[in-house]
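Asker: Turn these sequences into a full structure, and let the hints guide you.
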Amino acid sequence: MNIYRSHVLVCGGTGCSSSKSAEIMEKFQEKIEEVKLDKEVQVLATGCFGLCEEGPVVIIYPEGSFYARMTVDRVDEIVEEHLLKGRVVRKYLYRESAKEEKLKALNEVDFYKKQERVALRNCGLINPEDINEYIARDGYFALGKVLTEMTPEEVINLIKDSGLKGRGGAGFSTGMKWSFAAASKSDQKYIICNADEGDPGAFMDRSVLEGDPHSVLEAMAIAGYAVGASKGFVYVRAEYPIAVHRLEIAIKQAKELGLIGNNLFNRAFDFDIEIRLGAGAFVCGEETALMQSIEGKRGMSRNKPPFPANKGLWGKPTIINNVETLANIPQIILNGPEWFKSFGTEKSPGTKVFALGGKINNTGLVEVPMGITLREVIYDIGGGCPNGKEFKAVQTGGPSGGCLTNLHLDTPIDYENLTAVGSMMGSGGMIVMDEDNCMVDIARFFLDFTVDESCGKCTPCREGTKRMLEILDRITEGKGTIEDLDRLERLALNIKETSLCGLGQTAPNPVLSTIRYFRDEYEAHVNEKRCPSGVCQSLLKYIITMDCKGCTKCARICPTGAIEGKVREIHIIDQEKCIKCGACVETCTFHAIIKK
Amino acid sequence: MSRGLDVRANERHFVELKDYIESIRDSQGLLMQTLHKAQEIFGYLPIEVQKFISSELDISLAEVYGVTTFYTQFNIEPKGKHKIGVCLGTACYVKGARSILDQLAKELDIEVGQTTADNLFTLEATRCLGCCGLAPVIMIDQDVYGKLEANNIPEILAKYRD
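Protein chains in written order, with the numbering used here: chain B, 2 to 597; chain S, 23 to 184.
Honestly, the hints are just simulated from the structure, not real lab data. Check the hints yourself; a few may be wrong.
Keeping only pairs whose Cα atoms sit at most 30 Å apart, straight-line, the calculated DSS-like set for lysine-lysine is [to be verified]: (1) S:181 - B:298; (2) B:597 - S:128; (3) S:73 - B:256; (4) S:59 - B:480; (5) B:114 - S:59; (6) B:596 - S:169; (7) S:169 - B:578; (8) B:100 - S:169; (9) S:128 - B:530; (10) S:40 - S:59; (11) S:40 - B:597; (12) B:581 - S:169; (13) S:40 - B:542; (14) B:596 - B:581; (15) S:40 - B:256; (16) S:128 - B:253; (17) S:128 - B:232; (18) B:21 - S:128.
Answerer: Pasting the structure below:
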């Protein structure tokens, strides 16, 4: 085996791939061959580093130099200076790591300092398309350990002891779930990995699958041994082509080495894994709907009980675990439950991966211990809102969660606390909003999503959410009344109580939490017919300011003839005639027309 | 409505689909996989293809149609040469994806879900594409364009018009 003195790690996650990281990697390879360093320097594509905002990202080890916002034409200089002459090219480094005289290593910069990487431990470090790199990081050791040293009961007890809760949203104890399936008698049981990550703004599962697919496969085999299942399915969104491709490679390589298949570790244990693709239905993230979809049917949820652990896929006992949950398992087996409990809080041990997005400086993927405050995540790690704008709200839990305000910034993040303040953990999307976002519009946005994604089986969700959306439409169009707010709240509570599955039971959360914390904004919409953030189009007024030079350009372009005024005199917009198309604003060379 | 698929002209494609079905016949829950494959081969799922799948898998046409129309990724109408997907995930939405979508609709003179008269573009609103760091994002075929503003749109479309 060739030993390399330097490694050039190029991020091959979805964010960086979209900004042409593959071309940067090719260029590195080309240049390194040209200067005859190809025996000494290895170029690798890895999974996501997390700091997507600064992509495409390249990291060169052993120095740990963090080159941000890379472009193809910087490659020559970096190869010649850094790799050939050993001089780090400061001007291309991530700004924070080169701020002081002494360069900061990757794990010292603010974005990474407070993070604890368990589920993401290999993401951005190994080549996800080479099983040997996973094995070199203790991969498949946990599977070997459970098969050769532990009974299934011991495995389940260990996971129970660790206190691991499902990372997909609801937060049910993983060990308990496993024990239910283990207790069900059946000739066939199944393990399903739920990779149907549908929450808009959440991309942690995709990053784990893209950056460390074997950790998920290994955990599925461990779960199979613990509950007595011989077959696993990974149900993954078809919208994630890179993740699907890397999973296919991973399964093939694991089969070749005998780590998936028959008679694993000579212990008479068989475990096979198949990939099944979703087809763009959010409800399929709900476990009973997901199983319908694997069976080849419409993904519609059903009543529980019976729970999948008793009666699941094709009526057989089935365990469904989320990607991030599974990625924790090999580490828990190897390091023990006490180690896992050393992170996080008493009730919610371990770490959680969040996808930070929206109006925040450091967009990206972060893994932090439970119990950290929203303030630490948004300001210390995320760097706050860009362009000096004021923070207004953070949305957690996607369409099932709620919006929290600066009153909650010091709330420690765990399952219980987020639920108590009217949001939820969900899969871990965290979208930051600033003063320019209208909370009524955001509530409408999420409801529009759930209306579209409701499977239509139960009435409260199918009809109720639609009625709520109609009310919100009215409010954003300036036709709402104060009674509409009560109507919304009453409907929301009914839908929560009576819907069949998690989708409907949580769909009203974004509306309820915004009414609770931003009632003044709703009231401004209905009482004053005004959108304080200037987002809701129908409530906006176009006004011509004193900067008007009277050039008549706007009056000529206005499609409804709503603008009047003489040459060289200030023009006026007739609000009755104005249809708010914005054509005047675009045409005005003096920036004299404003939206208010 | 589509004009209907010329079954004879597409015989080669039906053979390919049949070969695929034979190759997976031993596993369970075949319908979704078969629909994915059929869409890859034909580009969309016209009723003729659904009928073929129905008889091959011995599943009623009503059920095949039901599953096809349940999932947003399956199309029963043909699409334009270039598919434009505007991400309406939350991160993109709070960063102004709506104005990007409006601009595209205006430039192409179609509404979301429609195809231009020259069959060149289909405009769609998609779910989160997962590159929230680049928000707001659109995807044209396999290319992702990020950190967009509405006035970038004409220039991007021009690339596909030649």
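Asker: If you test the structure against every hint from before, which numbers come out violated?
Answerer: 1, 3, 4, 5, 7, 11, 13, 16 and 17
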